[in-house]
Every structure is written in C-alpha cells, then in structure tokens.
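Note that the sequence shown ends on residue 365 in the working numbering; no numbers are left out.
Don't read these hints as lab results, they were simulated from the structure. Please note that a few of the clues may not be correct.
Keeping only pairs whose Cα atoms sit at most 27 Å apart, straight-line, the calculated DSSO-like set for lysine-lysine is [claimed, not checked]: (1) K277 - K288; (2) K339 - K39; (3) K192 - K39.
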Amino acid sequence: MSYSCSTSIQEELTWNCQSVLTSLKSALSCALVRVNILKGLRIVAPRDAQLLELPIPELSEDHVLVRTLFSAMSAGTELRMFRNETVAQNPSTFPMAAGYSAVGVVERAGRLVEHLRVGDHVFFPGTHDEVQSIPAEQALIVDQRAPLDQAAFSMLCEVGLHALRRGEPSFGESVAVIGQGIIGLVTIAVAKAWGLRTLAIDLDEARLSIARAVGADVVCSPASATFSPTVDAFSGGSGVDLVIESASSWRAVATAYGILRRRGRLVVVARHTDVPKFNMIADDLMTKEITFTTSYAHPLTAVSEDVMRWTRPRNLQLILDYFAAGKLDVSAAITTRIKPQQIPEIYARLDRGDSSIGGVSIDWR
Numbered sequence: 001m002s003y004s005c006s007t008s009i010q011e012e013l014t015w016n017c018q019s020v021l022t023s024l025k026s027a028l029s030c031a032l033v034r035v036n037i038l039k040g041l042r043i044v045a046p047r048d049a050q051l052l053e054l055p056i057p058e059l060s061e062d063h064v065l066v067r068t069l070f071s072a073m074s075a076g077t078e079l080r081m082f083r084n085e086t087v088a089q090n091p092s093t094f095p096m097a098a099g100y101s102a103v104g105v106v107e108r109a110g111r112l113v114e115h116l117r118v119g120d121h122v123f124f125p126g127t128h129d130e131v132q133s134i135p136a137e138q139a140l141i142v143d144q145r146a147p148l149d150q151a152a153f154s155m156l157c158e159v160g161l162h163a164l165r166r167g168e169p170s171f172g173e174s175v176a177v178i179g180q181g182i183i184g185l186v187t188i189a190v191a192k193a194w195g196l197r198t199l200a201i202d203l204d205e206a207r208l209s210i211a212r213a214v215g216a217d218v219v220c221s222p223a224s225a226t227f228s229p230t231v232d233a234f235s236g237g238s239g240v241d242l243v244i245e246s247a248s249s250w251r252a253v254a255t256a257y258g259i260l261r262r263r264g265r266l267v268v269v270a271r272h273t274d275v276p277k278f279n280m281i282a283d284d285l286m287t288k289e290i291t292f293t294t295s296y297a298h299p300l301t302a303v304s305e306d307v308m309r310w311t312r313p314r315n316l317q318l319i320l321d322y323f324a325a326g327k328l329d330v331s332a333a334i335t336t337r338i339k340p341q342q343i344p345e346i347y348a349r350l351d352r353g354d355s356s357i358g359g360v361s362i363d364w365r
C-alpha cells in the first residue's frame, strides 16, 4: 500500500516536471522568435495600411542595424501611396513600406563599417519600421545637442533646402511658399534659418496658423480680399522674387505666376498627378519672363565636391548641424505626435482632408 502510494506520487511529480519543462521550452521558443520579430508599417492595398510583424533584416558587412526612435511622416507622399495615386509609369506593387526620414540608435555594425559604433544616434532615410538595415554611408551621426524628434524631419527639411537652393535667393529678396503641408512648413523654417523674408500662402486658415507659429513673416490666403494688398506690401509693390510651390495644385502654380515680379523665379517641389487646365506657357510665364524650375532629390550616395558642392548628404549634414546649434526649429510644425499603431488612423484622417494635421512625429520608443 505504502509502495503503491509512493510510486503514484513519483509518477505525478515526473509528469508535472515534464509539463513544466515543456511549457518553459515553448515560452523560450516564443521569446526567441519574438526577439527576431519587428513591427513595420505596410500599405497592403489601396487605402489599407497595417502595422505588421516582420522578420528583422539581415546585416550586410557594409550596413548598420538601427533601432528606430522617431520617424517623420511625409504626408503628401504617403497619402498618394495610401490612395495608390502613382506619379510613376510603373504601377504600385503591394505591400509597400512608407516613410523616408528617421532617427535611431545603432545596435549592430557590419565588419566593414568604421565610422559608426553601437550606441550612436544616427539620422537615416528610413521607413516606418522598428528595426532597419541601412547602408552605413547613408547614416549620419546626430549630435547630442540636437532634439531627436526634430532631427527625424531632416530629410523633409532637406527637400525644402534643396528647393531654396534651386531658387537661388539672395540677401534681401522675398520668398513666398505656396502650400503649407509639412514640406511647405519646414521650407518656411529653413528659409527663416537662412534669414530670408517669407510669405506663407494657403487656402486653409488652420495651416496658415501653423505657418505663423513656425516663423513665417506674413501669412495670407489667395481667397482673401486682402491677398493682393498683402503681397504688394510684402514685396514692395514689384512682386515676389521667388516662389516655392509645395501645394500639388495647378491653381497654386497659376497663383505663383500672378504674384511673381518680372523675371522672378518659380520652383515646383510638389508632385502633380493631374493635368493642368490652363496654358502654362501663355500670359504671365511668357510676358514676365518667369524662370520655371523643378526641384528633385539628389542621390544619397557621396559625390565629389568637384562635381556637385551641395549633394544630399551635405545638405543633410548642414540641417543636422543647424538643429544641433539651435539655428533650425521645426517644433511648431509638429502638430501630431503618435505611436506606430496610430499610423493607419492618421492616414485615414489625411484621406478625409483633415487640415489640422501638419507634421506627424512617430515615437517608436
């Protein structure tokens, strides 16, 4: 009797131990799997964005593995992707990653990487992903004095900086920025850092309020009865020297023609997906001898200064230096701060035309 009871207890203990070990193995296996899983935003179909679980990318010998701290939303570009309004000849292929401007911390470095170390804070042209493998030459160290949430907007600021360079403004000239989405807003901020006088133009009063907070000297809607007098007062009555068009609207281009001075310059930085309903060569463009220029990104790879002085990497480094020195401030442009799981909701709000959204900062910490 005693022996039988002892055997029964021993068998039960053995079974319990095996059960516990099995559970521990299962939990450990799940934990190991989770270590190799990241969260990333993917547009899986038109108007369908999801935060998915993805495998952590492999590390190449000339890459760094970066854990994202902040990423910045480029609302215009990402809304076109969300709506599948392509501007390219080739149709979109789903799923698509979105975003191109982020800040993170280096977790691993490939064996050929010499200028970056584990723990470095870096800016990189990253998508909305938790962990990313980035070519080391595209990762720029962020000075500890720079606000990381603002530094994540560096690529968007570089778009504005390059557009301004294309317009070649000189000291004392007037600059109007038409369209106060995030590109227009950061262009205002960069122009302010350069000491340029700026006029922010938009049909939406909420956007104009943001532009005023960012630092625009004058704001005005083209639908306002005071628009022409405001432009005249801003330009001294002769017309604006330089207009940056960032509204993705042909009406904005027509407005630019009307407010530019004779031999003024127009730089179109926005992407246009429709066909203009007016003759772009007639009237003001021709009679005022307006210079019409477009602005597009340079390659991210290094180019000799003998070939091109201000490449995209050098522009980005300048932006980061300005952030570190406190000369550039885009904090007022960041109207919306979210966690990654809220990205689809923001896309939906943008799709509905929510104009209260300016810059969107995504916190991955």
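Against the structure, the hints:
{"no.": "1", "hint": "K277 - K288", "in the structure": "holds, 20 Å"}
{"no.": "2", "hint": "K339 - K39", "in the structure": "holds, 12 Å"}
{"no.": "3", "hint": "K192 - K39", "in the structure": "violated, 37 Å"}
The structure fails to meet hint 3 from the earlier list, while all remaining hints are met.
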